[in-house]
Structure formats: structure tokens, C-alpha cells
Amino acid sequence: MILYIRLAWRNILRNKKRTIIAGVAIGMGLASLIFYDSIVIGMKESMVRTATSSFIGQAQIHGEGFRETHEVELTVVDLGGVIDGLDKSGIVKNYSPRVMSFGMISSAGNSSQIAVYGVDPEKEKHLSKIDEAIFTGDYFSGESKRDVVLGSKLAEQLEVGLEDRIVITLAQAETGDLSQDMFRVSGIYKFGDRNLDGGMAFIRLHMAQEMLNIPGEVHEIAIEFTDIKYAENDTLDFWSHFSEYGNDAVSWTTLFPQLKGAFDMSETAKGIIGFILFAVVALGIINTMLMSIHERIFEFGVLKAIGTAPGRIFILIIFEAVLLSLVSIVIGSIIALALGIILGHTGIDYRGMEFLGTTVQELMYPVLTVDQFIVYPIWVLILTTFVGLYPAAHAARINPSDAMRKSL
Amino acid sequence: MNENNNVIVTESVVKVYEDSEIPVKAVNGVDMTIERGEFTALVGPSGSGKTTLLNVISGLDHPSEGRVWLGGKPLSDMSGRELSDFRRDKIGFIFQAFNLIPVLTAEENAEYIMLLQGVPKEERHLRVMEILREVGLEGFADRLPPKLSGGQQQRVAVARAMVAHPAIILADEPTANLDSETSGELLDMMHALNRETGMTFVFSTHDQIVIDRASRVITLKDGRIFDDEIKQ
Chain C
1 MILYIRLAWR
11 NILRNKKRTI
21 IAGVAIGMGL
31 ASLIFYDSIV
41 IGMKESMVRT
51 ATSSFIGQAQ
61 IHGEGFRETH
71 EVELTVVDLG
81 GVIDGLDKSG
91 IVKNYSPRVM
101 SFGMISSAGN
111 SSQIAVYGVD
121 PEKEKHLSKI
131 DEAIFTGDYF
141 SGESKRDVVL
151 GSKLAEQLEV
161 GLEDRIVITL
171 AQAETGDLSQ
181 DMFRVSGIYK
191 FGDRNLDGGM
201 AFIRLHMAQE
211 MLNIPGEVHE
221 IAIEFTDIKY
231 AENDTLDFWS
241 HFSEYGNDAV
251 SWTTLFPQLK
261 GAFDMSETAK
271 GIIGFILFAV
281 VALGIINTML
291 MSIHERIFEF
301 GVLKAIGTAP
311 GRIFILIIFE
321 AVLLSLVSIV
331 IGSIIALALG
341 IILGHTGIDY
351 RGMEFLGTTV
361 QELMYPVLTV
371 DQFIVYPIWV
381 LILTTFVGLY
391 PAAHAARINP
401 SDAMRKSL
Chain X
1001 MNENNNVIVT
1011 ESVVKVYEDS
1021 EIPVKAVNGV
1031 DMTIERGEFT
1041 ALVGPSGSGK
1051 TTLLNVISGL
1061 DHPSEGRVWL
1071 GGKPLSDMSG
1081 RELSDFRRDK
1091 IGFIFQAFNL
1101 IPVLTAEENA
1111 EYIMLLQGVP
1121 KEERHLRVME
1131 ILREVGLEGF
1141 ADRLPPKLSG
1151 GQQQRVAVAR
1161 AMVAHPAIIL
1171 ADEPTANLDS
1181 ETSGELLDMM
1191 HALNRETGMT
1201 FVFSTHDQIV
1211 IDRASRVITL
1221 KDGRIFDDEI
1231 KQ
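From first to last, the protein sequence lines stand for chains C and X. The working numbering numbers the first residue of the first sequence as 1 and each following residue consecutively. The working numbering numbers the first residue of the second sequence as 1001 and each following residue consecutively.
Please keep in mind that the hints were generated in silico from the structure rather than gathered at the bench. The beta-carbon is built from N, C-alpha and C at its ideal position, and this holds for glycine as well. Don't take each hint at face value.
[Claimed, not checked] Selected chain C positions facing chain X (in silico; Cβ < 10 Å):
| # | residue |
| --- | --- |
| 1 | W9 |
| 2 | A309 |
| 3 | S401 |
[As the list claims (entries may be wrong)] Here are the computed lysine-lysine pairs in the BS3-like style, where the Cα-Cα straight-line distance is at most 25 Å:
| # | chain 1 | residue 1 | chain 2 | residue 2 |
| --- | --- | --- | --- | --- |
| 4 | C | K17 | X | K1147 |
| 5 | C | K16 | X | K1147 |
| 6 | C | K145 | C | K123 |
| 7 | C | K44 | C | K270 |
| 8 | C | K260 | C | K270 |
| 9 | C | K123 | C | K229 |
Working from the sequences, and respecting the hints, build out all of it.
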């Protein structure tokens, strides 16, 4: 066997140019796959961060039924117990209790239906990025309980600026009586997201509780975990624990299903792209090997004439395929690593691009993982060995006298 | 004739090639017996069937008609694997174009058949070094074929053919690509080996240098034996 490995290695080095070209071609196929995977992971992480950190959080707890109906009466059950549980869970980094109701906002110039959020400014600023998105005014820094923070598109629609007065009208819990109150615009933010910028307004938590007549209650607790991966782990006890007693704990994957759907689609796309790349790689390998065998047909004839069994010729060609694959894997891994390091440093700028209701707000960086440099190369090795079977069988079946006769 | 001494026997062997539109009868009814220890030349013009006959008697090709026995065994009864093993163990080949494996050194080429036979490494090395010395290539063991002259490559091919101690050496135009001096040296060496060991040599040739040294000359014409001369 050692002889055939040695022979195979020397054979693929016979025509260095061809081996390098084939190695680069196959390697680029591998590099493309690794790089695409790294981009998808990076994009996914970036979009999840953008989607969850802007406002919705990585998970939310609601009273059962609230997400579907937004009924004001459906508040979080046993709020004190839930808060206590979050504090002790060990995996929750930040949380923010919110009151939420659809209502009307009116200014002297216009009115609009919006979602009104009552927030605890101190807790909220550690979870969402409303405070960072403010470009004029401030984020509840004053003492006034009548501060309201609006999105830029809403402010534009209402024709209001800082210090202007607006009126918010909400329907109270139980009775449905309308409750109105006046607020002053203390800050205007801009995310570059239609929904966030045009459909929401933020007031202080206790003001919202008063207006809705739900003292001490909240509709939603937005959560940030210590590791975002907890949010994607369906098996975590967290979900069942905080869904007890009439509550409903869900991750962003449920809150933002279109994003999850898009990621699932990208996995499918990755599979299809991988298949196509591998098919191209396979054809390249078969072509290279058949050409190499054709050039050496006389030599194979001689090898068989002097007593080399067909099985040994078969093994020799398989070893050549495997060694070519290993050369390609090294080349492809180097290319992928280089691309990953360079773009991992510079990033890919898609900021401002809106995708499934999320506006990309940060540079995307490819994410290289150890798995990419193990799993995909193994597939290349398996594929190369598999496609090497045909050329190997072809060489093994060569009739020595025909081979020597046709070559002369 | 002592049948136990017959290493090669052909009976009405015919070989037709049907590759082209018109079938070609390269060998057309050859009955031939070669005994152990013969140093025989198959001669004839190009197309007379010399190479084809060598291919048939070595089992590289199957006859279209007739039978072949090697060492008393009928080739037609052997499977592909048995034929391959038989060639490995009993027949040494020397080809016109040397046919060394270009990526193996002279030593590696010479020891190749012994590797196939499973000869242990130390014994292989000793025997190869000895045979390379005998063919005048001491000091060239680690050279690759492209770094050897034509004559040197053919010597390696001769070493490869002989080192495994086959019963028969079949040589197809072994001197075709060599100058006369080298050809003479090589033939003298093979002739000496033939006398010392009783190894049977069959050459396909139209080189007078070979013919002069042969103890028997079988002339082929149009695929048949035209003449069969045993020299004294």
C-alpha cells in the first residue's frame, strides 16, 4: 500500500501545472462553500442582533393570548414572581417591562393610529436602542411624566417637533372607556425602519398604566439573554417555566417568524449551492483524472502486463483522487481563511438595507467556524473518492495489449 | 522432444483484430514449441505477427482460435487474476520502449515485481542491488528514468524482468531504441544469464545483433511460421 501511496503522490506531481490548476479549481469550490456559509452565519447573526436589539428583544413574556389579541386586560400573570424568576434565572442579562396598547395620537396638524408603549426608561435603554436612535431631544432625561418619544416618520406625519404637544387616546381595561392625556415631544428617534419610525410612541410606564387603568401591571417583558443562542434553543427549560400559570414565553423566532423563515430558506439555498458546487467539482475531478489516465494508458498496460492486478491499479487511481482532494482542501482552506480574515476585518457594508422588516444597521462580518474547515473538507474528500471510482474502474479494466498497441 | 522441457506450446493459434472495418489476421495458424533454456528469436518484417504472437503466448491477448500452454498450463483455463499472477511470477517482459515507471527510481522500478510478489524489503534491496550491478548500473539506483540514457533505461528494464527469477523472458524489440554497442552488451549479458540459469528467452526482433546470438530463429511471414532454424 505504501508503494501505491508513494506512486500516487508522485503521479499527481508529474504534471504540476495540471495538478495545481485542478487543485485551485476544486479548492475554490470548497472555499466558495466555506465562505458562503460564513457569510450566511454572519448575516444571520447581524440581522438577529439588529432585529432583536433594536426593540423586540431576544425573547418576550406576555399574558396568554395577548400576542394574538392585544387585549388590554391580558397582562402578565404574577408579575412579581416572573421578575423574581428572571433575576434568578442566571441566563437573563437584561429585561424591560412594557405596557402596550393601540391608540390614537393627535397633534394640531394631524392624527394617526399607533402602538403606544409605556416603558421604564432606565431598564428599556439597556435592552433596546431607542435611546441611541434619538437624533434630536433626549430620552426621558427630564423629570416630566408627560414626555413622549416619537419616531421620525410619525413626527413628520404629525408635523411636530421638540416641545410640541400631542394628545394620546387609549381605551381603558375592563370598561373600554377612552382615556386621553397630553404629552410633550421630548425626543425624536430614527431607526430607518418604517414600523419603528412611523408606528410607535413611547411614554413612561406608570403613565401608560394610569391611562389604561392597569396599575402595577404590564403586558410584555422584553428579554436579552447572556448568550443569544439561548433564544434559539427550543429545549431550554426557560420557555416552559415562564409559560406557566397563564403566561406565554416566546423567542424572537416566534415573534419574528419571517426572519426565521428567511434563515431556513438560506439553509436550503446553501444546500442547493453546495450541491451545484460539488457537481462542478466532481466534473472537474473526473475530467482531470480521465485525462491523466489517457496520457498514461501505455504505462497502465505495462503495469498490468508485468503482473499488476486490476485491483491494485484501481487502488492507485483512488489514492491519486484522494491526494488530489487533499491538495485541493489545503488550497481551498487557505483561500477561505484569507477571505474570512480580510472581510472579517473590513466587514461587508449593507447598512440601510431593509430586509423582512429589519433594517441592517451594522457591518456584516463573515463568521468562520472550525466545523466549516472539517465538515466541508470531509465532504470534498468523500466526493472526490466517490467520483474517482469511475476513472479507477476504467483504468483497472484496461486491456494491456490494446493499451500498448493503441499507444504506439 | 521432452514434453516436460516445453515451456511454451502453441497449437494452431490464430489472432484476428477486429478494431478496424476490415478484420486483420495478425497470426494465422502458428504451431510452435519452445523448450526450457532456449534463446530464440522471432524474426520477420513489420506486420508479420511477431508482437502479436508474443502477446498471445504471454496471455496479454487471447487467441481467436487455437490454444497456448505455458509451463504445461493451458492459458485458456486461467482466470484474469490467475493470468495476472502467472505473468507476475513466471514471465519477465522487456519492451521496446523500456516502459519504466517514470516516477519510480531505477531501484524502485527493478524491485516492483518483487513487491507484487511480497518479497521482504531487505531481500528485495539485496537482489536489486545485485542485479543492477550485473547490468552495469551500480550507483544509478536512485536515478529516475528521465535522468537515465536509453541504454541505461533498457538495462533497468532487463533488471526488472530478471530480478524476480522468472521462467521465461519475453522481449519485444528490446534493442530497437539502442545503439549497436549498447545492444551488443545487453544481449551478451542476457545470453550469459541464459547459459548460467537456463532462463528461456524469446525475442521478437529484426535486429541482426539479436539474431546472431539466438540459438534458434523462427521466421514469421504473414502470420505464419515461414522458417524455423536451430543453429548449432
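For each hint, the structure was consulted:
1. A cut of 10 Å between beta carbons decides the hint on W9(C): the least distance to chain X is about 9 Å, and the hint holds.
2. The beta carbon of A309(C) is positioned within 10 Å of a beta carbon in chain X (closest approach about 5 Å), and the interface hint is therefore held.
3. With 10 Å as the threshold, the beta carbon of S401(C) comes within range of chain X, its nearest partner Cβ sitting at about 4 Å, so the hint holds.
4. Under the criterion of a C-alpha separation no larger than 25 Å, the hint pairing K17(C) with K1147(X) is consistent with the structure, at around 21 Å.
5. The suggested pairing of K16(C) with K1147(X) holds, with an alpha-carbon distance near 18 Å, which does not exceed 25 Å.
6. For the hint pairing K145(C) with K123(C), the CA-to-CA distance comes to about 16 Å; that is within 25 Å, so the pair holds.
7. Only pairs whose Cα atoms come within 25 Å are accepted, and K44(C) paired with K270(C) is accepted, the gap being roughly 13 Å.
8. Taking the CA atoms of K260(C) and K270(C), the gap is about 15 Å. The hint holds against a cut of 25 Å.
9. Taking the CA atoms of K123(C) and K229(C), the gap is near 22 Å; set against the 25 Å cutoff, the hint holds.
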